[in-house]
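Q: If you read the sequences in order, they're chains A and B. According to the working numbering, the first sequence is numbered sequentially starting from 43. According to the working numbering, the second sequence is numbered sequentially starting from 517.
Bear in mind the hints are in silico, worked out from the structure with no lab data behind them.
No farther apart than 30 Å at their CA atoms in a straight line, the calculated lysine-lysine pairs in the DSBU-like style are these: (1) A:K143 / B:K1166; (2) A:K156 / B:K1192; (3) B:K1053 / B:K1110; (4) B:K1259 / B:K1086; (5) B:K813 / B:K1239; (6) A:K94 / B:K1075; (7) A:K94 / B:K1086; (8) B:K1095 / B:K970; (9) A:K103 / B:K1082; (10) B:K1094 / A:K91; (11) B:K1206 / A:K317; (12) A:K297 / B:K1082; (13) B:K1166 / A:K91; (14) B:K908 / B:K1110; (15) B:K848 / B:K1202; (16) B:K1202 / A:K256; (17) B:K1059 / A:K107; (18) B:K1094 / A:K156; (19) B:K791 / B:K739; (20) B:K1059 / B:K1150; (21) A:K316 / B:K1235; (22) A:K316 / B:K1192; (23) A:K256 / A:K335; (24) A:K156 / B:K1086; (25) B:K1259 / B:K852; (26) B:K1150 / B:K1094; (27) B:K1075 / A:K91; (28) A:K316 / B:K1166; (29) A:K143 / B:K1086; (30) A:K156 / B:K1110; (31) A:K107 / B:K1060; (32) A:K103 / A:K91; (33) A:K156 / B:K1082; (34) A:K103 / B:K1086; (35) B:K1082 / A:K94; (36) A:K317 / B:K851.
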Amino acid sequence: MISISNIERFATHDGPGIRTTIFLKGCSLHCPWCANPETWDVHPVLMHKENKCVRCHSCLKACTKQAISFQPEFTLNRNVCDGCALCVDACLLEALEISGKWMDIEEIVEEVQKDDRYYQKSNGGVTLSGGEPLFQFDEVFLLICTLHERGYHLALETTGNYPLEHLKKVEPYIDLFLMDCKHLEPEKLQKITGANPKFVQDSFTYLSQHCPEKVIVRMPVIWNFNEDQIEKTIDQASRLGFSEVDLLPFHSLGKNKWENLNKVYPYASYPMMKKETLNAFVAYGKTKNIYVKIGG
Amino acid sequence: MAHINIDGAQNVEVSKPIPSQKSPQEQLEIMEAYTCAHKNGTNLDKAFQEIHCLKVLFPRLFRTLEPGDQIAGRLDFLPIGFGSVTSIGGVGHYCVFHKLRAFKSLLKTEEEKARVDALYDYWQYHDVKSIYCQDVLTEDTTGRFIDCKYPFMATARLSGMMLDYQKLMRLGVNGLIEEIQRQDLTKPFIQASLEAMKLFQTVISYQIDLVKEAKKEASLDWKQDLDVMEEDLIWIKEHKPVTFHQALQLFWLYALCAGCINYGRMDMVLGPYLKKDMDAGRLTEEKALEYIASLWKMIENRRTTVNGRIIVGGRGRENVEACDLFTRLCLKVCKKVRYVEPQFTLRFDHNTPEDILDMAYECIASGATYPTLYNDDVNIPAVQYAMRVPEKIAEQYVPFGCGEYVIQGKSVGTPNTLLNMLKLLQISMNEGFDPMDKIYKAGPVQCKPLSELKTFEDLMDQYQRVQDYYFDLSIYAQKHSYEIMNQEVSFLFTSILMDDCIHREKALLDGGVEILGGTNETYGNINASDALYAIKKLVFDQKKYTLEQLNEAALHDFKGYERIQKDLLKQDKYGNDKKECDELANRCYEYVAKGIRQRGIDAGMGYYLIVISNNQTNTDWGHQTDASLDGRNKGVYMNPANNPQGGAAKFGPTAVLNSLVHFDAKYHGGSVQNIKFTPRMMHEDKEKVKALFETYFENGGCQLMVTVVDHGQLEDAQKHPEKYPDLIVRVAGYSAVFVNLTKDIQDELLSRTLYD
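Bound conformation, chain B alone (with noise of 0.2 Å):
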């Protein structure tokens, strides 16, 4: 078989990464000696040949501190080394193909050329993310992500990991050592975590060296704080932090270390030291906000487009004094920096105080698409069930990237498989080929002709065959993922703070980590729910039409078929609060939701969940895949998420919001809803608003996100970009810049209602 070659985007970026500072010879030289790191550890442990490469690039690819930074910790990543997520680099040992292709054009002899077409060669082999598309990816069912001709895409990463920082905090730096002393030191994985921590203190102390080099060019003002920096860093690396910021900067260090780019919980990790240096006035408040923006910075600055999460309020935690005044600083820079990023999250449930809710609503009313908005009365119970965790433990569930859950320090939920729902009905319909490009893609399932469907539910069935084969597909890859990925890597600076790899002395994958889960995101759902009502209407019940003839309709893309498009569309949408339309997108999400949790539970992995959230796959996937029996043209972008497909509510948002309250939480391990108002509306009936949203959660509604913008201001800065420099919309799991985004996902946000 040929060698899959997996060239091409492998992340949605919206937001354009910072240059690396090396020269492109270094670069070159550093991927190199990462490379023969690699080669040379081949038959070492895994954790060994990790530990090498890792030496590589630590703390070589470290950054020098900018003007006014008041942490130290900027971190580079090149197109070959390691990691955890495709936002920053790749997974484990990864090479970014078409990024390494691009890097080949800034070198200048052929010579050095060559040198990259040597790399892009070995890696093609070695590539984890590589070695796992060669296993699972296929012709016609599976494709890699971002590959939208398959109806299921796969792939390997290892996304959302947010580690306990609480241990960091309390063991400090030699805790930790000491942690690992205390195991089996034998054992490559002890002995390799052993040498990452090792690492770890060398990268404190290159900073230091950096923050005395920032010392010599730096202000009089910034010097200070650059003292400060040194003296915290010397403290830090031995010791566990006692100040707030030293309690900052072991703890971004580290997620720098670690590849992570979704934080977590930090009023709970920096709250607590935030308050004791605040009551012993050590610290004041402008300092500390002065802090927290310079962290805000940090996060903005690696630039990964749908991460970033940093979470604050909710259950379970336990100074609730200390944290919340965290989370009220947040609230606080979070209304005056308007960055995309950290995708600031706010949970709460029926005891948070007012005052916070009150600065949310305020942060919210000014633009900055945040805080999101997490529902805890709502969530807590339905993780419980979701994941077969106790209370205590789902109260420290996480929505990381766009929205799917995992439990801070204790679980990994990466979303490795992605489905579109409105294909798979489609190939259902077209006896298993996908009307979009003719190719047979429905695998062993044999899908009767349309003919001999004679009732709703044998349509039904139909799908639903076809989905379980996609289903069981998920599954294998899900599990596959991370049997490759657990070959060959350790991921040693993950596995250190997650629970409860060092006890059980093993790699986070290896049987390390408590809760083995997965996600799979779920596209099209309601373009598929809508299609599906407007058949039963329309053949079954009200017998217009055939199926036949419908399906020739969308097969013809509606063109010399207006009338049955405008009949498709006539019918009623979800999104509009009627009952019956939403019942069948609740069967519809149901049986999705259970079959894959079921699968996960048979499996014998933690959970395995859908997740309904959004990068602007909803659009690259409708571009293609056919025109559907919701009267939706072919190309067209399909549904946001888990809301209407654009311009389909009509009747307000309360109306929504009672369509979306149908989709029990439990079933689900993160499901994202946009809405968006105009200031006006924010601001004159503020009253009203919240009231709308206090209903919604306890109507049971599990998340909201919010974007602020006045009419024609979208339209206007489509013809205007120079004008709207940070005008952010919510796309859907992220935050963007509105005139970065490309005209087919700024169409898409456009086509959403806006309720003034």
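In isolation and in its complexed conformation, chain A is listed as follows (with noise of 0.2 Å):
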């Protein structure tokens, strides 16, 4: 079984044509500006939506694991919660949410045929996202297999963050690699984000050398933390051979999922970023030959 948070069909930000993305969950990044941080966890977790609650306990009385308790506002004991949903089918007002179900290879597949048509029509596919998509590495390969088998177009959306091996494996069944690149330097990298560099510098490496032509570097850009590292990713994206950077500009659009997963959201106080701001970089990358997009 394979744990997703959702499946987004006529997804039309990740990767060419119409697409049905599949959002896994699970990852080993902690990234502050996350706009999906309900896939950290593998497991389903709770969200709790603060403004639709009206504090009547319903949840707490329908808890069988004492996970619940009102201080006076609702306190989830996350090391006790197993994400049963009880609570959520107590809630009349729709104040609570669980991110995540477990679903079986042959379910999603069922899922991701719906489309089959549209995808034909557009030359569009799967993506698979998350969290880090290869975190539930031994049941996703299997996912990425059959999926392959049955013609359609792969896309990954992913962090690097893994031992080579991995990505070794899955290489083969991938059509287009949508690679993140939040930061060069690796003790920044390390710092914020959690990841491994070496996994990430390793993942590129590889890409670099055996299959450039199906990488896209995607490149969130963040306030404060990488603004000033467009230009060396664009460098480095053409030293190793790839041919599109997608830059994306800073959104706060997951803030509030922060708050139901009753996390602080580090970049509360931070405006959207406006797409224009990152024009001028359309023409820096076609000096590197690059094709530079704002927006995936």
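Each chain sits in its own coordinate frame; assemble them with the hints.
A: Here is the structure:
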């Protein structure tokens, strides 16, 4: 079984054509701007929407694990909560929600194939995203093989943060790598995101040597973190033989999710980044023979 | 039995009509003269009575030209007069009572007001629709359109008449006159038809006078146009048209006289003239665009809200090159002018030139909501089956109004009956009583208490027996509307250009029209099927509740039963590509569609088909419909047309479109689908959206109409209407300026999913 946070149909931002994006749970990184923090934990997680909660205590009464308390706000002991969803069922105001469910490969494929004709018409396919899609490696590898066997164009939106063996194993089945490049400096990358710089570097190097044509570099442009890295990233992509860099301007659309997980969103005070502010880099890319796109 | 008074709104009216140019006193005089002609004609043949009445109206009700007009022909209508449709007046000899009352308030003296009262009293007994309503309306089952207390509404109207304008062009006025003269002139219908054509010539002469009048004050530029108009009017009065402008002018004046507000395949009618003129260098593209834009303006100025169909493209056209030339120019005009009418419609198939499809896409992406798209690859075989006509005939299908099909020049297909499927379900579940008003509405159908319904099939059977009863009422009401209209009028101008009235020497509804069809607008289809699905899951599969428990919760509008409502809402809903749910929706659809269709066949009609269209009746009827077991609260709008209930579709546009194509088009006579995108998506993801549409059509999608709005734009327009004077949205079977809609309709539009 594979833990999924969401399956998004008619996804238009994650690769060519009309796609279905499967958001897989589990990630070893903890980027403070993350738009999908509910995917960090591989297990289903309970999310609580404070603005819908009227403190009726229905959830507390429904919970058989004593994971919920009111102090006086809703408080969840995540070490105890097993995501059984009894509380979700009890809440009439939709203040609680479980993110994540276990699906088997056939179930996932069944969902994916509903849009087969749309993929065919648009040269689209399936994108695996997350979380880090290779976090649940063994099961996801089987999923990748199955989807490949059925002829789907497969894109992998990935951090590269795993042993190289994993990448080597999946590479033949993947048509497009959307490679996350957050920071070129190993120390900063590790400190802020928790990534293992060597894993990431090895992944980039491997893809550069084996299939640079299958790679699009994706750089989330984050306030006070990597704004000064854009040109360097483009340079690096050029050196590695990649042909496209997508700059993803910072957005705070994941803010509610942090709150719903009772986490403090570190970027709460930062504004959305306007696309236009990155336009200059399109021209810069041209000088390096790199196609730079703003947005995914 | 007390005489039924049908005072009240009779049609959806969002666009406000332009007031009459005549003074109230003159209007009163005209209405009195009309009434007098009607009275004097009581003992005459209906065709003579009609022509006498028409002579009161024409040419007197024509207005003067507006500066810049490129074709002549602006026509007022009054609360009393002659017509076909409620959007501009009423049907046959009509009186629109609430408008007559409003008119009365414009008058100053008691004497004048008393004269209006006299008219009101007279028409209560002679208005065609009133006569009809007297026969069919009941206190429990059947209400007039629009009276949403009833599960069934019936009306008399002759909507969607799209005439054989090609014949008009081919023969010209004199040619038509000669054709009529070749028939048996002793027959009143033929004699009156001849007189109608003479009256038409009088109308043309009157336009010549109006043009001359306009010249006196015209700018130099416009004066040149008016010179052309004058010459062309003189020409078409006797001859068949030669130029594009003559053809346009002739068509327009005839449509006005016939009271037609849907026009049909104008590329076939006008395209050849356009091409000939342009090829010969007589007409520049710029001038042609100006003519078409003027036609657009004339149509808009009629303000019918839900009509004004101009249809281009598709199969079954002879001079395709000329037709496509006209199509391209229309697309340019449509993108440039932002009117809610005409309802510009593109028929297409796999052979449609790519550039036309691209232009259509750009037009839609610009936010025009037009063209609406009709897929001939699906619709032609579907119409062939639905209407039981050969392929060549089916190729001439045209959607009118909110989406009902007719065959241009050959069929009547007016939707004179309307059913609320959700109310019928509720009635069947409450022993025949409508929970909204506690009135018994199941007629002779024995509805068992819920406790006796042991299986889901028991429930379905009970529901279907109630439906059957209402289908029977529907076919009677539909047929009877024709009988009454035929008893009172001949629809002379319409008959002359409809196959095969003249040769048969019979008026339209007297055996004249080749295909006498009809349509039944069904509402609440999806709410009903979603409710049934939720019942199936919760009561019969999961056994979580009993039928009585669910019904009890709905009867309390879920107050105190929030858990049940949550469970109901949680069940799969149509529009999410969920197989079992969609299959049940399709089962419901087919039962209704086939049931109605078969009744038409059994009754000897050409066809009688359901249409899953919509104006705003889903909202109006929703207000009068109790809480339902799809989780919908009492009084909330019902689902629009063939689309999911607002907010129910949660898996993106491919899922919605996959659900939509479950319904086989061959059982209905028109079904419309709305979808909403942001401008960002329409522009940045153009290729993907195009692929989405193409795939949907290849999957069997019959129709699509697209609204393009931005996030928050509609919400902002509700707060600051002054900032959005031309924000056009597709309501369902019609487009409207968003801020002109009432708040409840706006809310329904907001509830629909916006894709970005």
